[in-house]
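Okay, here's what each chain looks like letter by letter:
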Amino acid sequence: MVEIMNKKRFITCHSYVQSEINMLMHVADKFNFKVNTFTHILEGFKVADKMKKHGAGASSFSDWWAYKFEVYDAIPYNGAILHEQGIVTAYNSDDAEMARRLNQEAAKAVKYGNVPEEEALKFVTLNPAKLLHIDDRVGSIKIGKDADLVLWNEHPLSVYASAEMTFVDGIKFFDKKEDLVLRDNIRAERNRLIQKLISLKKSGEKTQPYISTPKRFYHCDTVGEEGEEHHSH
Amino acid sequence: MKKIYFSIFLVYINFLVAISQTTPAPKQQGEIVITGANIHVGNGQLISNGILAFTNGKISYVGTDISKVSANARRIDAKDKEIYPGFIALGSSLGLNEIEQVKATIDESELGAMNANVRSIIAYNTDSRVQNTLRTNGVMMAEVAPKGAVISGQSSFVQLDAWNWEDASLYSDIAIHLTWPSPYRYSGWWAEPGSSSTNDKYEKDVARIKNFFDEAFAYSKNPPAMDKNLRYEAMLDIWSGKKKLIIHASLAKAIISAIGFAKNYGITPIIAEAEDAWRISDFIKENKVSILLGESHNLPLREDDDTDQIYKNAKLLYDAGILYAMKVNGFWQQRNLPFQVGQTVAYGVPKEAAIASITANVAKIFDLNAIGTLEVNKDATFLYQVGMLWT
Numbered sequence: 009m010v011e012i013m014n015k016k017r018f019i020t021c022h023s024y025v026q027s028e029i030n031m032l033m034h035v036a037d038k039f040n041f042k043v044n045t046f047t048h049i050l051e052g053f054k055v056a057d058k059m060k061k062h063g064a065g066a067s068s069f070s071d072w073w074a075y076k077f078e079v080y081d082a083i084p085y086n087g088a089i090l091h092e093q094g095i096v097t098a099y100n101s102d103d104a105e106m107a108r109r110l111n112q113e114a115a116k117a118v119k120y121g122n123v124p125e126e127e128a129l130k131f132v133t134l135n136p137a138k139l140l141h142i143d144d145r146v147g148s149i150k151i152g153k154d155a156d157l158v159l160w161n162e163h164p165l166s167v168y169a170s171a172e173m174t175f176v177d178g179i180k181f182f183d184k185k186e187d188l189v190l191r192d193n194i195r196a197e198r199n200r201l202i203q204k205l206i207s208l209k210k211s212g213e214k215t216q217p218y219i220s221t222p223k224r225f226y227h228c229d230t231v232g233e234e235g236e237e238h239h240s241h
Numbered sequence: 006m007k008k009i010y011f012s013i014f015l016v017y018i019n020f021l022v023a024i025s026q027t028t029p030a031p032k033q034q035g036e037i038v039i040t041g042a043n044i045h046v047g048n049g050q051l052i053s054n055g056i057l058a059f060t061n062g063k064i065s066y067v068g069t070d071i072s073k074v075s076a077n078a079r080r081i082d083a084k085d086k087e088i089y090p091g092f093i094a095l096g097s098s099l100g101l102n103e104i105e106q107v108k109a110t111i112d113e114s115e116l117g118a119m120n121a122n123v124r125s126i127i128a129y130n131t132d133s134r135v136q137n138t139l140r141t142n143g144v145m146m147a148e149v150a151p152k153g154a155v156i157s158g159q160s161s162f163v164q165l166d167a168w169n170w171e172d173a174s175l176y177s178d179i180a181i182h183l184t185w186p187s188p189y190r191y192s193g194w195w196a197e198p199g200s201s202s203t204n205d206k207y208e209k210d211v212a213r214i215k216n217f218f219d220e221a222f223a224y225s226k227n228p229p230a231m232d233k234n235l236r237y238e239a240m241l242d243i244w245s246g247k248k249k250l251i252i253h254a255s256l257a258k259a260i261i262s263a264i265g266f267a268k269n270y271g272i273t274p275i276i277a278e279a280e281d282a283w284r285i286s287d288f289i290k291e292n293k294v295s296i297l298l299g300e301s302h303n304l305p306l307r308e309d310d311d312t313d314q315i316y317k318n319a320k321l322l323y324d325a326g327i328l329y330a331m332k333v334n335g336f337w338q339q340r341n342l343p344f345q346v347g348q349t350v351a352y353g354v355p356k357e358a359a360i361a362s363i364t365a366n367v368a369k370i371f372d373l374n375a376i377g378t379l380e381v382n383k384d385a386t387f388l389y390q391v392g393m394l395w396t
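Respectively, the protein sequence lines represent chains A and B. Counting from 1, position 105 in the first sequence corresponds to residue 113 in the working numbering; the numbering is continuous, with no gaps. Counting from 1, position 142 in the second sequence corresponds to residue 147 in the working numbering; the numbering is continuous, with no gaps.
Simulated from the structure, these hints should not be mistaken for lab results. Just so we're clear, the structure is a prediction, and the values are computed from it rather than from any experiment. Idealized CB from N, CA, C, for every residue including glycine. Treat the hints with caution; some may be incorrect.
Ranges of calculated distance between the beta carbons of each label pair, as one might list FRET restraints [to be verified]:
| hint | chain 1 | residue 1 | chain 2 | residue 2 | range |
| --- | --- | --- | --- | --- | --- |
| 1 | A | Asn161 | B | Trp194 | 49 to 59 Å |
| 2 | A | Asp102 | B | Ser192 | 33 to 43 Å |
| 3 | A | Tyr226 | B | Tyr191 | 35 to 45 Å |
| 4 | B | Asn54 | A | Asp192 | 41 to 51 Å |
With a straight-line cut-off of 30 Å between C-alpha atoms, the simulated BS3-like cross-links for lysine-lysine are [claimed, not checked]:
| hint | chain 1 | residue 1 | chain 2 | residue 2 |
| --- | --- | --- | --- | --- |
| 5 | A | Lys119 | B | Lys356 |
| 6 | A | Lys119 | B | Lys84 |
| 7 | B | Lys233 | B | Lys258 |
| 8 | A | Lys210 | B | Lys258 |
| 9 | A | Lys180 | B | Lys317 |
| 10 | B | Lys268 | A | Lys223 |
| 11 | A | Lys58 | A | Lys16 |
| 12 | B | Lys248 | B | Lys258 |
| 13 | B | Lys73 | A | Lys204 |
| 14 | B | Lys320 | A | Lys119 |
| 15 | A | Lys184 | A | Lys153 |
| 16 | B | Lys84 | A | Lys223 |
| 17 | A | Lys184 | B | Lys320 |
| 18 | A | Lys180 | B | Lys248 |
| 19 | B | Lys258 | B | Lys247 |
| 20 | B | Lys209 | A | Lys210 |
| 21 | B | Lys247 | A | Lys214 |
| 22 | B | Lys268 | B | Lys206 |
| 23 | B | Lys258 | A | Lys209 |
| 24 | A | Lys185 | B | Lys356 |
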């Protein structure tokens with residue numbers, strides 16, 4: 009709490025409706041602290057001017073709605089409206105599936121609201137960096153920043169785009185050409201294991217029913233490396 | 006003086022009400038001719054600088070010869086714009102569900118197991134808030150499909166601009182949905198998966214379906230005049246192929262079993278989801294099975310699958326010469342259907358073939374003669390706009 013008052017730790021608030029967003033800003037103003045970022049913020053467009061005045065940022069879904077009553081009024085123009093009001097606006101995913109196509113989500117800011125392309129790309133690069141206070145290190149290609157880069161085969165806001173290479177801290181983590189070779193290796197290895205299992209079974213070895221060990225993904229309630237409470241939205 | 010103010014007030018109120026209503030448009034008055042547009046016919050054909058004419062809701066001319074259309078018709082100049090057939094959202098809960106987490110608004114499934122007689126069309130809400138959000142992205146028709154149970158029930162195709170389900174329905178009760186048991190049991194949820202293992206109830210679950218089909222088939226040989234069994238009655242048109250059988254199956258094992266099962270009764274099923282279809286494309290092709298390819302905005306099925314496996318499934322089916330259509334899960338999500346289809350172009354499906362996967366191919370798979378392409382005598386249901394649907 010003290011860290012929050014001393015602006016060493018920042019508040020990210022899961023939020024949907026204008027009533028709760030406005031309420032929290034009033035509470036924050038009363039006690040002299042700031043809400044750094046409202047996430048999801050699907051009714052942000054209704055209180056965008058107040059959010060700007062308070063100094064909050066926004067991280068929204070591009071076009072989700074109708075999954076709970078609090079988002080029944082959500083519109084895909086939310087991001088564009090918040091952005092137009094001068095609020096630092098980002099688009100987030102909610103899971104691993106969407107996290108890998110945030111470039112497409114950013115494109116929706118162009119489609120729904122005519123946000124200029126360079127600004128729309130910032131929704132998934134520089135703006136979230138700003139909201140996380142790490143924009144001195146990441147979020148744009150600038151001398152002195154971390155070499156976290158993506159080489160795209162097409163305009164990243166195009167549905168045709170896919171990553172050719174990715175670099176994290178200057179280290180090449182992904183290379184499409186090399187990945188194709190690795191895929192062949194995986195296929196060969198998979199086949200080798202299957203053939204081995206078949207021959208062992210034929211030679212009379214003991215078999216057991218198939219059981220696989222689970223692999224965890226991160227979600228917004230993940231604490232440490234062990235998943236705990238069930239995630240609800 | 007007072008009278009005038011009151012009339013203005015009434016007009017104002019009517020105007021307000023009109024904005025929030027999804028009031029269906031009135032019937033077409035007179036012929037309309039659109040000129041100058043790039044017409045994506047839906048079957049792979051692209052007509053540049055084309056002419057589209059329609060009367061009484063039906064297409065009367067598609068081509069490039071202006072002399073073939075009436076000189077008196079209302080003209081719309083659509084130079085350099087694109088025209089697409091209305092897209093069809095398959096397997097949707099549109100009009101059945103309104104808000105996912107508000108239980109009272111969810112009407113996509115029924116209690117019971119073999120619900121062949123459940124007709125989801127009668128629960129279809131024409132005035133859901135969702136339809137208009139789909140139409141602006143070109144989705145103009147939908148298969149309203151039930152979920153849950155083993156046999157979920159019957160689906161219907163609707164157009165999205167109607168007062169009631171009867172007016173909305175283009176093709177009622179034309180398919181029965183069956184979910185094939187999974188050979189594997191999964192536990193947990195996407196972020197915290199539990200262990201997965203062989204489904205030891207698989208054989209039993211398959212036997213239960215077989216039992217129902219055997220009984221329904223026997224019933225069909227001599228249906229009674231009285232004391233009808235509604236479930237078996239609902240299956241009568243399945244045996245002739247008049248009603249389609251859609252079997253939901255994802256893994257190769259399940260798909261093979263499902264096709265084999267249906268063939269025993271002389272039925273060629275449609276397989277939906279089919280994430281593994283590419284692995285057994287020869288088998289699917291031999292059996293002349295069409296595929297309703299499931300949601301592509303998902304992670305790959307297996308840990309060792311190619312990272313883009315699910316994105317390239319459509320291309321693999323296209324290359325194998327399999328007739329397929331694309332679908333997206335849910336109801337409000339259907340507005341993203343064109344983008345998922347556009348993504349298949351990134352993986353090599355030609356643009357017009359991609360468009361076909363949510364237009365002409367759907368019509369072909371389900372024998373829907375009046376929709377799916379912009380051809381003479383078909384419904385004039387289309388979208389026209391500036392620019393490509395996706396870039």
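- Query: Can the suggested window of 33 to 43 Å be confirmed for the beta-carbon pair Asp102 of chain A and Ser192 of chain B?
  - Reply: violated (21 Å)
- Message: Between the alpha carbons of Lys119 of chain A and Lys84 of chain B, is the straight-line distance 30 Å or under?
- Response: Satisfied, since the Cα-Cα distance of roughly 21 Å is no more than 30 Å.
- Item | Satisfaction of hint between Lys258 of chain B and Lys210 of chain A, Cα-Cα up to 30 Å | holds (21 Å)
- Holds or violated: are the alpha carbons of Lys180 of chain A and Lys248 of chain B at most 30 Å from each other? violated (54 Å)
- Task: Could you grab the alpha-carbon distance between Lys58 of chain A and Lys16 of chain A and see if it respects the 30 Å cut-off?
- Result: Satisfied, since the Cα-Cα distance of roughly 24 Å is no more than 30 Å.
- Item | Pair hint Lys185 of chain A and Lys356 of chain B, alpha-carbon separation not exceeding 30 Å | Between Lys185 of chain A and Lys356 of chain B the Cα gap is close to 25 Å, so the pair holds against 30 Å.
- Holds or violated: are the alpha carbons of Lys180 of chain A and Lys317 of chain B at most 30 Å from each other? holds (24 Å)
- Is the straight-line distance between the alpha-carbon of Lys247 of chain B and that of Lys214 of chain A 30 Å or less? Distance of about 49 Å is beyond 30 Å: violated.
- Item | Hint consistency between Lys119 of chain A and Lys356 of chain B [alpha-carbon to alpha-carbon, up to 30 Å] | holds (20 Å)
- Query: Can the restraint linking Lys184 of chain A and Lys320 of chain B be considered satisfied, given a maximum Cα separation of 30 Å?
  - Reply: holds (18 Å)
- Message: So if I understand the rule, the pair passes when the alpha-carbon distance is 30 Å or less; does Lys258 of chain B with Lys247 of chain B pass?
- Response: holds (27 Å)
- Please work out if Lys268 of chain B and Lys206 of chain B have their alpha carbons no farther apart than 30 Å. holds (23 Å)
Going down the numbered hints, you'll see the structure goes against 1, 2, 3, 7, 10, 13, 16, 18 and 21, while the others check out.
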